[in-house]
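Start from the sequences, fold in the hints, and give me the full structure.
Here is how the chains run, residue by residue.
Protein chains: 2
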Amino acid sequence: MTVSKKAIVLLSGGLDSATCLALARQDGFQPVALSFDYGQRHHAELAAARRLAAASGVSDYRVLRLDLGAIGGSALTDASIDVPTEASAGIPVTYVPARNTVFLSFALGLAEVVGADDIYIGVNAVDYSGYPDCRPEFIAAFEQVANLATRAGVEGHRMQIHTPLIALSKAEIIQTGLRLGVDYSLTVSCYQADAEGRACGRCDSCRLRRQGFDAAGVTDPTRYY
Amino acid sequence: MTVSKKAIVLLSGGLDSATCLALARQDGFQPVALSFDYGQRHHAELAAARRLAAASGVSDYRVLRLDLGAIGGSALTDASIDVPTEASAGIPVTYVPARNTVFLSFALGLAEVVGADDIYIGVNAVDYSGYPDCRPEFIAAFEQVANLATRAGVEGHRMQIHTPLIALSKAEIIQTGLRLGVDYSLTVSCYQADAEGRACGRCDSCRLRRQGFDAAGVTDPTRYY
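Protein chains in written order, with the working numbering: chain U, 63 to 287; chain P, 63 to 287.
Calculated from the structure, these hints are not laboratory results.
Some hints here could point you the wrong way.
Below, computed lysine to any residue pairings styled on SDA-like, alpha-carbon distance capped at 25 Å [said to hold, decoys possible]: (1) U:LYS68 x P:ASP129; (2) U:LYS68 x P:PRO194; (3) P:LYS68 x P:ALA117; (4) P:LYS67 x P:GLY177; (5) P:LYS68 x P:PRO198; (6) P:LYS68 x P:ARG124; (7) U:LYS67 x U:VAL176; (8) P:LYS68 x P:LEU240; (9) U:LYS67 x P:PRO194; (10) U:LYS68 x U:THR238; (11) P:LYS67 x P:ARG113; (12) P:LYS68 x U:ASP129.
Where chain U lies over chain P, by a calculated footprint (3+ residues, C-beta under 8 Å) [said to hold, decoys possible]: (13) 120-129; (14) 193-203.
We put the beta carbon where it would ideally sit given N, CA and C, even for glycine.
Below, the structure is given as structure tokens:
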């Protein structure tokens with residue numbers, strides 16, 4: 063009997079990370095799923111992550127509490143900044159400063175502790191929201207950090223950051239997930255979902271999600287309020 | 063009147079970061095000091111950081127709470143691992159997985175929010191404890207991440223990670239700090255200091271500190287229990 067290798071999977075509870083989790087499994091890894099409770103407005107996302115982990119039979123699921131709100135600077139963590147309902151040019155106010163760097167850093171620490179050399183993150187550079195830390199060059203630079211920051215670099219094995227969605231359109235992500243049995247009704251994408259996980263239908267994230275389901279020719283299971 | 067530029071200074075409450083804070087000031091920056099409450103055993107260190115920030119007239123001092131303990135894996139955050147009293151070969155058990163990566167990630171987020179392009183961290187590669195994330199190649203890689211992860215990279219200004227202590231011996235750090243007026247009696251280095259900030263005198267960190275004061279030919283203000 064072979065014991066499958068562990069991989070850390072960053073699980074936000076959204077459509078992308080749910081697909082990423084399914085892909086980590088397909089790649090033969092035993093996922094250790096990691097979510098963050100970082101004062102995000104859309105707390106329903108976190109409940110969705112928990113449901114997804116349970117539905118996917120993840121045996122090691124962890125939630126880390128962070129106070130990104132103490133740093134502020136984003137509409138997602140700072141109650142004084144409104145979530146926009148229109149697309150904007152440049153980096154939007156929903157961008158959380160250094161969020162993916164922070165998340166990957168914790169994933170790296172956890173990887174080292176559980177003995178994983180692999181981290182999955184569902185970033186996407188195609189139908190993306192203009193966040194600088196979703197770009198392939200950022201991921202490549204972080205992988206370099208990962209190998210220098212940890213025992214891995216010293217002991218001579220390689221840490222790898224997997225971004226299986228990075229070059230896929232939202233429609234392709236959805237088609238991939240459906241093929242792997244992902245239940246998208248469990249996921250929440252909306253930046254201002256209500257406590258039941260119902261979506262606003264107007265924010266950037268809702269727009270991208272709806273366009274993705276439309277383009278994939280698949281019925282969107284999202285519930286709106 | 064010129065308004066000085068802000069720099070984020072990671073302030074642990076130890077000897078190195080206290081010196082680093084003084085150097086950031088000398089470089090003409092207005093320091094924004096950042097400490098972490100990460101379940102470290104030596105909580106006295108955090109009290110020291112607060113005293114240092116106050117004594118140095120830092121007007122913006124922030125403490126972020128993190129649950130690194132939920133990740134575990136280090137004698138500094140995991141109560142089930144003993145702090146060693148003898149020097150060991152290789153990476154010691156006091157190494158906190160990915161700690162500097164996590165700390166620098168938050169510093170990066172804060173830098174972006176307060177409009178700073180500069181981060182000071184008191185890592186040291188000479189009299190260091192064998193932690194992989196204190197090496198110059200790690201810092202260089204993180205600086206690359208910093209410039210790709212944030213608005214800086216997109217907007218065309220450069221983020222810089224300053225490590226003014228990286229090539230100094232402990233004795234040189236102490237001499238530098240004394241020249242700049244650092245009050246080392248306010249600092250705590252011991253991994254298992256008591257609530258009053260008194261040191262054990264036996265852990266790696268105590269040993270390095272004592273050797274540093276000896277080599278600098280200066281009286282060590284450390285109080286032992």
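These are the hints, each one checked on the structure:
Simply put, LYS68 of chain U and ASP129 of chain P have alpha-carbon atoms about 22 Å apart, close enough for the 25 Å limit, and the pair holds. Among the hinted pairs, LYS68 of chain U with PRO194 of chain P is consistent with the structure: their alpha-carbon atoms are about 22 Å apart, no more than 25 Å. Pair hint LYS68 of chain P plus ALA117 of chain P holds up; C-alpha atoms about 18 Å apart against a cutoff of 25 Å. Between LYS67 of chain P and GLY177 of chain P the alpha-carbon distance is near 9 Å, which keeps this suggested pair within the 25 Å criterion.
Restraint check for LYS68 of chain P and PRO198 of chain P: satisfied, since their Cα atoms lie roughly 23 Å apart, inside the 25 Å limit. Pair hint LYS68 of chain P plus ARG124 of chain P holds up; C-alpha atoms about 14 Å apart against a cutoff of 25 Å. Taking the CA atoms of LYS67 of chain U and VAL176 of chain U, the gap is near 10 Å; set against the 25 Å cutoff, the hint holds. Using a Cα cut-off of 25 Å, the hinted pair LYS68 of chain P and LEU240 of chain P holds, with the two alpha carbons roughly 24 Å apart.
With a C-alpha separation of about 24 Å, the suggested pairing of LYS67 of chain U with PRO194 of chain P holds against the 25 Å cut-off. Of the supplied pair hints, the one linking LYS68 of chain U and THR238 of chain U holds, its CA atoms being roughly 22 Å apart against a limit of 25 Å. Of the supplied pair hints, the one linking LYS67 of chain P and ARG113 of chain P holds, its CA atoms being roughly 23 Å apart against a limit of 25 Å. Between the alpha carbons of LYS68 of chain P and ASP129 of chain U the distance comes to roughly 22 Å, so the proposed pair stays at or under 25 Å and holds.
Check on the region 120-129 of chain P: 5 of its residues sit with their Cβ under 8 Å from a Cβ of chain U, so the three-residue criterion for coverage holds. A stretch counts as covered by a chain when three or more of its residues have a beta carbon under 8 Å from one of that chain; for the region 193-203 of chain P and chain U the count is 6, and the coverage holds.
Of the numbered hints listed earlier, not one is contradicted by the structure.
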